[in-house]
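**Q** These are the residues of each chain, in order.
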Amino acid sequence: MTDQEQVLKRLKNWVNEHPEDADVHQINITTQKEFTLRGILDKLHKEQEKQLVILDEGEQEIVGHIDKWLGGGTNG
Amino acid sequence: MADILIIRNKCDQATEYTNWIGEGMKDFLEGKGHSVMDLSDADASPAKVAEWLGYDAKKTVKALIALDHGSKDAFWGEQNNQLAAVITLANAEDLTKSLQVYTLACSTNANGGLGETAIKKGCFSWLGYTEPVYAAKSTSFKECIWSYMEAMAAGKTIEECEEELRKAYKSRTGQSFIYQYNLDRLLLRKRENNMTINSHNRL
Numbered sequence: 001m002t003d004q005e006q007v008l009k010r011l012k013n014w015v016n017e018h019p020e021d022a023d024v025h026q027i028n029i030t031t032q033k034e035f036t037l038r039g040i041l042d043k044l045h046k047e048q049e050k051q052l053v054i055l056d057e058g059e060q061e062i063v064g065h066i067d068k069w070l071g072g073g074t075n076g
Numbered sequence: 001m002a003d004i005l006i007i008r009n010k011c012d013q014a015t016e017y018t019n020w021i022g023e024g025m026k027d028f029l030e031g032k033g034h035s036v037m038d039l040s041d042a043d044a045s046p047a048k049v050a051e052w053l054g055y056d057a058k059k060t061v062k063a064l065i066a067l068d069h070g071s072k073d074a075f076w077g078e079q080n081n082q083l084a085a086v087i088t089l090a091n092a093e094d095l096t097k098s099l100q101v102y103t104l105a106c107s108t109n110a111n112g113g114l115g116e117t118a119i120k121k122g123c124f125s126w127l128g129y130t131e132p133v134y135a136a137k138s139t140s141f142k143e144c145i146w147s148y149m150e151a152m153a154a155g156k157t158i159e160e161c162e163e164e165l166r167k168a169y170k171s172r173t174g175q176s177f178i179y180q181y182n183l184d185r186l187l188l189r190k191r192e193n194n195m196t197i198n199s200h201n202r203l
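Going line by line, the protein sequences match chains X and P. According to this note's numbering, the stretch in the first sequence is residues 1 to 76, in order. According to this note's numbering, the stretch in the second sequence is residues 1 to 203, in order.
There's no promise every hint is true.
Claimed, not checked - Here are a few chain X residues that sit away from chain P, every Cβ distance over 10 Å (derived from the structure):
id, residue
1, Thr2
2, Asp3
3, Gln4
4, Glu5
5, His18
6, Asp21
7, Ile29
8, Glu34
9, Gln48
10, Glu49
11, Val53
12, Asp56
13, Glu57
14, Ile62
15, Lys68
To be verified - Here are the simulated SDA-like cross-link-like pairs (lysine to any residue), alpha carbons at most 25 Å apart as the crow flies:
id, chain 1, residue 1, chain 2, residue 2
16, X, Lys68, X, Gln32
17, X, Lys33, P, Asp56
18, X, Lys43, P, Lys137
19, X, Lys68, P, Glu131
20, P, Lys137, X, Arg38
21, X, Lys33, P, Lys72
Honestly, the hints are just simulated from the structure, not real lab data. Ideal Cβ placement from N, Cα and C applies to all residues, glycine included.
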């Protein structure tokens, strides 16, 4: 399983367990990149299905944070 | 005159969030017996901030709550609906001397930055973040950010306020990565130990 497949699986499980938190709108105050964790999950799904890069740079950074968060590491 | 000044501009997507976090704060603090000036949206201008924070006029006497954009060298308000620096390395001494400062803003407490400079020049305490941080439009995030301010208003020491905020962040780390992320970048700088807004202020 690739790193992206692992983070997709972990995020999918988390969204299923936290449906309300998954829809909370969040933002990086400096870059103003706005997102929901469900929205990130949807884009990860699309990337996997279409084998295309859909996530922009800001979203890829967020995926990195999610990976560390759900992977049990610390955000660096 | 006000015990506490709130600054929260609203001129872009990010400050829609930070401005919303400050909604209701004035009423809450007044309910706890504090006088409050709320510089929201266009009122968060360089001129009004300077008017309300200038040391000689002493129109703000205890604390500043700053919910807005930040950078290493400045805290930002707005002018003509565009971001405008309101507290900078150049005016930090005049605007923050003998005040307790609480910020939700990016990077103001980076090493060698605004918070550190303010403390060296007479600000009593500066709670902020060392790098860019995140905000959420949820009651839970709002309550988290309010925890420091609520403790400060209740007369707790700055160390106790910091502990309340850290506890609030820690209890929410299952809700999104942003809570641990912000917590890892949170920093309190201070001139003395065991200060409260009632014991150390401009009065």
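**Q** Could you run down the list of hints and mark each one as holding or not?
**A** Going down the list of hints, with the structure as the test:
1. Thr2: 20 Å, holds
2. Asp3: It holds; Asp3 (chain X) is separated from chain P by about 16 Å at its closest Cβ, greater than 10 Å.
3. Gln4: 17 Å, holds
4. Glu5: Answer for Glu5 (chain X): holds, closest chain P Cβ roughly 19 Å.
5. His18: 7 Å, violated
6. Asp21: At roughly 5 Å from the nearest Cβ of chain P, Asp21 (chain X) sits no farther out than 10 Å, so the non-interface label is violated.
7. Ile29: It is violated; Ile29 (chain X) is separated from chain P by about 5 Å at its closest Cβ, not greater than 10 Å.
8. Glu34: Answer for Glu34 (chain X): violated, closest chain P Cβ roughly 6 Å.
9. Gln48: 21 Å, holds
10. Glu49: At about 24 Å from chain P, Glu49 (chain X) clears the 10 Å cut-off, so the statement holds.
11. Val53: Non-interface label on Val53 (chain X) holds, nearest chain P Cβ at 22 Å vs cutoff 10 Å.
12. Asp56: 15 Å, holds
13. Glu57: 14 Å, holds
14. Ile62: Violated, since 8 Å does not exceed 10 Å.
15. Lys68: Not fine: 7 Å to the nearest Cβ puts Lys68 (chain X) too close to chain P.
16. X:Lys68 with X:Gln32: Roughly 21 Å separates the two Cα atoms, so the pair holds.
17. X:Lys33 with P:Asp56: 40 Å, violated
18. X:Lys43 with P:Lys137: 21 Å, holds
19. X:Lys68 with P:Glu131: Since the Cα atoms of Lys68 (chain X) and Glu131 (chain P) sit roughly 18 Å apart, the hinted pair holds (cutoff 25 Å).
20. P:Lys137 with X:Arg38: Holds, at about 15 Å.
21. X:Lys33 with P:Lys72: 20 Å, holds
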